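So for the sequence shown, this note's numbering puts the first residue at 1212; every next one is plus one.
Bear in mind the hints are in silico, worked out from the structure with no lab data behind them.
Please read these numbers as outputs of a predicted model, since none were measured by experiment.
Ideal placement from N, C-alpha and C gives every residue a C-beta, glycine not left out.
Watch out, some of these pointers could steer you wrong.
What the hints assert, rightly or not - Have a look at the derived ranges for each label pair, beta carbon to beta carbon: (1) 1376 to 1320: 13 to 21 Å; (2) 1372 to 1216: 24 to 32 Å; (3) 1214 to 1239: 28 to 36 Å; (4) 1212 to 1375: 28 to 36 Å.
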Amino acid sequence: METMLAGVAVVAVVCLLLGLLLRRRLPAVSAWAIAGFVGAVACIGVLTLTPAYEVPTVIAAEDRPETCSLDYGGPSPEGFWIVGGGQRLLNMVVFVPAGALLVVACARWRAAYALVPLGLLGLVAYSVAIEWLQLELARIDRACDVTDMVDNSLGAVVGVGLGLLLAVVLRPWRSRPTRGQSG
1212 METMLAGVAV VAVVCLLLGL LLRRRLPAVS AWAIAGFVGA VACIGVLTLT
1262 PAYEVPTVIA AEDRPETCSL DYGGPSPEGF WIVGGGQRLL NMVVFVPAGA
1312 LLVVACARWR AAYALVPLGL LGLVAYSVAI EWLQLELARI DRACDVTDMV
1362 DNSLGAVVGV GLGLLLAVVL RPWRSRPTRG QSG
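Let the hints inform the model, and build the full structure from the sequences given.
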């Protein structure tokens, strides 16, 4: 767990610096939304690709699963060792910020009508890629599961919906660059 928390801390520092850098060229809402989106995506990677336990079990090559579980609902456990509650809810919730920040980050530009759906497809593809890596890297004590892909994708969709509401409230398209900013 310490490795995971250290990874999240590194992501936070890098995204803070990215936000400060973007702030020189973009209005605050857009700069911080872009930095937050990058951070959310990076944190998903840290949370899902860091070994589940401090000392992962050794899985012999012949015991390694060859395919992703297509049994909708399993093999994920009901609880998760960091946050109480269902694994499926956690899988969904972890993608919500990325979906919401995607919308807010793109809302400033007219291209958002194309960027948001493409970004949503990108988040779904990211979920599939993570599950594939979990299958290929069996030694990290993670399981490839179609349920995770569905739950992650649903979280991204819910996040996009929340992002649409946030964009209406924050109105990043109305933000004017301050002195020294372009855009």
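How the hints compare with the structure:
no.: 1; hint: 1376 to 1320: 13 to 21 Å; result: holds (19 Å)
no.: 2; hint: 1372 to 1216: 24 to 32 Å; result: holds (29 Å)
no.: 3; hint: 1214 to 1239: 28 to 36 Å; result: holds (33 Å)
no.: 4; hint: 1212 to 1375: 28 to 36 Å; result: holds (34 Å)
In summary, this structure violates none of the numbered hints.
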